[in-house]
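Use these hints to put chains B and C onto chain A, whose structure you have.
Take a look at the letters that make up each chain.
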Amino acid sequence: MKVLSNPPENIQIHAYLLFFVICNVQIGVGIFNFERYIYQASKHDAWISVILAALFTHFVMWLIVRALSRYESADLYGIHYDLFGKVIGTLFNCIYMLYYLCITIVIMRNYIDVIQAWIFPDIPTWLIVSLLSILTIYAGFGGIRVIIGMCMLGFVVILFTVFLFYSSLKYAIWTQLLPIMESGVMDIIDGAIRMSFTLAGFEIILFIYPYIVNKERTMRYSQLALLFANMVYLIIMTLSIVYFSSDQMLRSIWPSINMLKIVKYPFLERLEFVVISVWMLMVLTGILINTWAVTRGFKRMWNLNQKVMLLIVIALASGITIAIHGHTAIEQINKWLGSGNVVFSLIYPIFLSGIVTIVFKFRGRKRPDSKGGTS
Amino acid sequence: MRGLRLCAVLVLLGVLSACQSTSILERQSILVALAYDAKEDRTFQVTGTFIEAEPEAQESSHTISVEAETSKGARRKMNQMLPYTVAAGQTRVILLDRDMFRFKMLNEIEVLSRDPFFGDMINIAIVDGSPGELLKHKYEEYSNIATSLNSLLEHNTKMNWVPSMTLHDFTRSRGINRIDLAIPLIKKEEEEVILSSLALIHRDQIVGEATPNEGFFLKTLKGTDTPYLYELNIKKKDMQESGMDRYLLQDTDTVKVVFNVTKSKGKIKLVDKKDIKFNTVVDIDIDIQEVSQRYNFTESGAINALEHQLMIELSKQLQQFLDKLRKVNSDCVGFGEIYRSRVGNSEVVEEKWEEMFPQSTINGQVTIKVIRTGIIE
Amino acid sequence: MSAFSEQIESQLKSKLHGSEGLVIKSLGGNIVVAFMTGMVDNAQLNLNLLAPLTKNDQCDSLETLSEMIPIGDCKPFDQLSDVIEKLLSGFALVLLKGKDGGLLVNLANIPSRAPSNAETESTIYGPMIAFTESMEKNIALLRSYITSDKLIQEEVQLAAEPHTSASLLYLDEKEKNPFVELIRKRINKQKYKGLIGSPLFLKILTDNKYSLFPEMSLSERPDRTAQAILEGKVVVMVEGNSQVIIGPNTFADFFQSVEDRYSSWGLGMFNRSLRAIALIISIFLTPLYVAALTFHYEMIPMPLLESLIMSRARVPFPPLMEALVMEVSIELLREAGARLPTKVGQTMGIVGGIVIGQAAVQAGFTSNILIMLVALAALGSFTTPNYMMSSSIRFIRFPMLIVAGFLGLLGITFFSAFLFIHLLRMTSYGKPYMYPFYPPNSKGLINTMLITESSPFQYKTDLTRSNTKGGKSRMTKWFKSNDEE
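Just so you know, the sequences run in chain order A, B and C. Read in full-length UniProt numbering, the first sequence has 116 at position 116, and its numbers run on one by one without any break. Read in full-length UniProt numbering, the second sequence has 6 at position 6, and its numbers run on one by one without any break. Read in full-length UniProt numbering, the third sequence has 284 at position 284, and its numbers run on one by one without any break.
Pulled out of the complex, with its shape left as it was, chain A reads as follows (with noise of 0.2 Å):
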């Protein structure tokens, strides 16, 4: 395998589409109830330490696309050949494909979580996974710019879902957000510890990065997405404090939706219903974008068809989805993955990024050797 990866010009994209891609994988499911485990650990503060997560997320993703800058044209799956070797490149390689296997399972479970709970009560798993997997496949099958092209629709989902949350300023009080720092500072960074679940994502750009045309333009688009999704979540918390009492907050499982029940048109009603179901379109790009990043590390690193791949992943993902029951299992899942967030797209990312600094240090030039095998 060779470090650098060149994709053929035709399926390069521009920087700005990157926006669309992080948003995307920025807002998921999480969005549903991230602002009660927050919650539970900085009470009214819960929105400093949703900005203080955004601002962490912000320097790491500054991280990562400095170490990116420094190879021509690498993903992290060349990175790792270039700097650990063959055996332990491979090594992390799979570790990172394992992990997003493992967020895609979380993102379908989750959302088959909410629709069963909002929805349909009596829906079986199955029939929800395979929906998901359909779309999925054939969305795959048509390569990355599809993806991407998913993940625009996304961000128009996106961006009337946040304006629908306008309804519930009706109900705000807004002196539920003073006094501010009542908690302690420790309380805020667990919270912004907790953040770490619905942040994670944007390393995604690890993967992406050979694919843009215009490299220099990477930073200020990816950034410019963090910003958004960073808002976005800032401005759900903030109107969530303000919409509940302290007891509401702890006690229901999806706030967001919770909110969302009060919206109210002539011709419509109970806009949740609504929400939920199309909110299987951001769902969808999560689930995509996901399998797209392990198929691809298939392809580079054993140059195996992406689409026989694709049909493998989501066959083991399915499988395993379908397998998971009950709200409390699902739960149980989350924390642990929670945990694997912070060290795969936080820690991690800092870590490699100080290795690549020295690496380049040593080598003293830009270009690494195309060395680490070549299949």
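Don't read these hints as lab results, they were simulated from the structure. None of these values were measured; they are calculated from a predicted model. C-beta atoms are modelled at their ideal positions from N, C-alpha and C, and glycine is treated no differently.
Calculated lysine-lysine pairs in the BS3-like style (CA-CA distance at most 27 Å, straight line): (1) A:Lys307 to C:Lys209; (2) A:Lys264 to B:Lys222; (3) A:Lys264 to B:Lys158; (4) B:Lys39 to B:Lys136.
Label-pair restraints from in silico Cβ distances: (5) A:Leu224 to C:Ile451: 20 to 26 Å; (6) B:Val111 to A:Asn303: 55 to 61 Å; (7) C:Ser264 to A:Asn10: 39 to 45 Å; (8) C:Ile451 to A:Asn303: 46 to 52 Å; (9) A:Leu316 to B:Lys104: 50 to 56 Å; (10) B:Lys324 to A:Leu55: 45 to 51 Å; (11) A:Gln40 to B:Pro227: 36 to 42 Å.
Frame of chain A; chains B and C shown alone:
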């Protein structure tokens, strides 16, 4: 590729044939209003008004009541009495009786919000007398009492003095001690249903009542711009201070003034953290609709005098209302919340507020600006 | 009868497999003229061919013979077997004794009609004329709109039996037109039998045979065709067809009428937005009704609830069945109207619609609210200016309805997602179908929606001419016929 397409189609067919339970609109008994009558042995009589698709029926709605220990139990029993399954997703009104408070059975209402099919915009009201009777009575004027009740509560919340009391408001305020509930009270008089006053609640007990005028102050202080038609009787002897009596063209004992509040704004300020002292100011713009006696509007100073007089009268009423709140210890305005937000120490405030509130001092002040005096001077 | 003429006759007869209609005229023993009756212009034949030849029948070379004939289209040929097709399309053969080959004289008189008003794409403003079945006339018509040496007409050889002639028309600019080569390749990919009708031809040219939406549009309007050519598109004209094939097309192109450019700027924008709304209505309205009534009764607002229940009270079917019955009857009306002569069709449409609708409600067969929704949806689909697109939209309503009836809003989202993916995957001559929405292009969007007052004058070629330029236009280079990744 072709095999894959075939697979997709087969899966899709499988998906579609996985029959789910449907809830077809006209195959449901759609619950529109629920009424709870509490009994001493902690059970209740639950009355529900349903809309059903009965082409031959005279009326579109249909009311039944059952005795039950829980809401879900009531639903099960109702199912046994109805042609179709009970569907709760369209519930608009929940009526409670005073005994629900007396026997502390409000948890049953809160449990409703656990069910995703119940909306959060259900209006809650207390009925003087039996809510079950109110629903069951065959009215001459209302073809469907449930929808009429809903519209009654809805338009009064939107365009009048009634503060909003939806299921969301209910569960939100119940969960915390620093804001108390104020629930609209309705009563049935012969063939009419009347929205009479507000019940002030503290710790799940009805501790007092507030008149519509007080409801107006309450709503304004809570931060809602409230349109309201205010009626005021001014005694002649009170007019000395503002000098309003000088502009009266006729000599009488009392003057009735009716004005429309076009804009209202309430401000609450915590002026003393230690002794807990609040200053509340209600700013209103009014439009004089009616003065029972001839009043010389053309003379300079006349409007100022009227303004001044109204200010005195309204401030007095506001002060009375605030004193009453403290006396009954029902902080439905949310002074506790303001205190907490300024002082911090949330947990202690939350715990102790019900002891602190009666000890606090609250000053009420109303400022008035006359925008118009109607189209006839 | 000379021996020479008998020899020619037997040769031609055997080539024609004994088909009737061949006329052999011998002139003075040396010259023989052969033609098919009915396919040649008799007046021309007598006056311009037979008359000069009978005067000078002692001619000894084809050149002098050619000079004698006062007809422009007069070419020599070598082999008799090469020109049988020409003979059958109305040419006359002039043969000279002792010489190989002869002259091919165009006297063709194929029955054709004069250009008339556009029927399927009728408008109120702008030119009214439409193409006819004669390719020559069509090209002439088109050239009258674009009188420029840059308009290239290229005959393409079609690997089909019997032979169909077609022309490509495109604008020649500095860059090579990328689609011409693609079209040539597609045409010759396979040997077809009986390519009669340009819609059939269109199928050969599509990128994806399974796509639900048309990739190229058919047009009978020369002004629309001219506009398309100015946008850098390629027009395929097929002999004997009044509809030309315009491609590559984007999804948005199908919702544009030529009239939008002609009407005032605001009106044009309004009309286009109206069509977008109509598209949404026609696809989603009835499925939403079915979904709400089958699964999500919570979503119905209070004032609507009672009237909905009352109207549904007597209907014995579930909402899905009810909606399907109504949709199918609307389609029946449309199909019946299309098959009948225009005047009968119109009356039948109106009478059928009113009678069936009224009766269905009275019989308790369907609710009157649904009748309204279905009619609105049908109306919405008919606002699409392109008939192929409007048929596609009507078609996809059915699966949408069915999933809505089985899975409610979830089903609607599923099928919409499916459609979006489908649209994103689609290409037209290898160009992204969803352009300018995706890949996004702000200028393209502004022009598509006619947002500025200058956009009616813009002929954007950024979709069609992007291969040589670098930078931003690389976006539209996507979807190039490879399926990998």
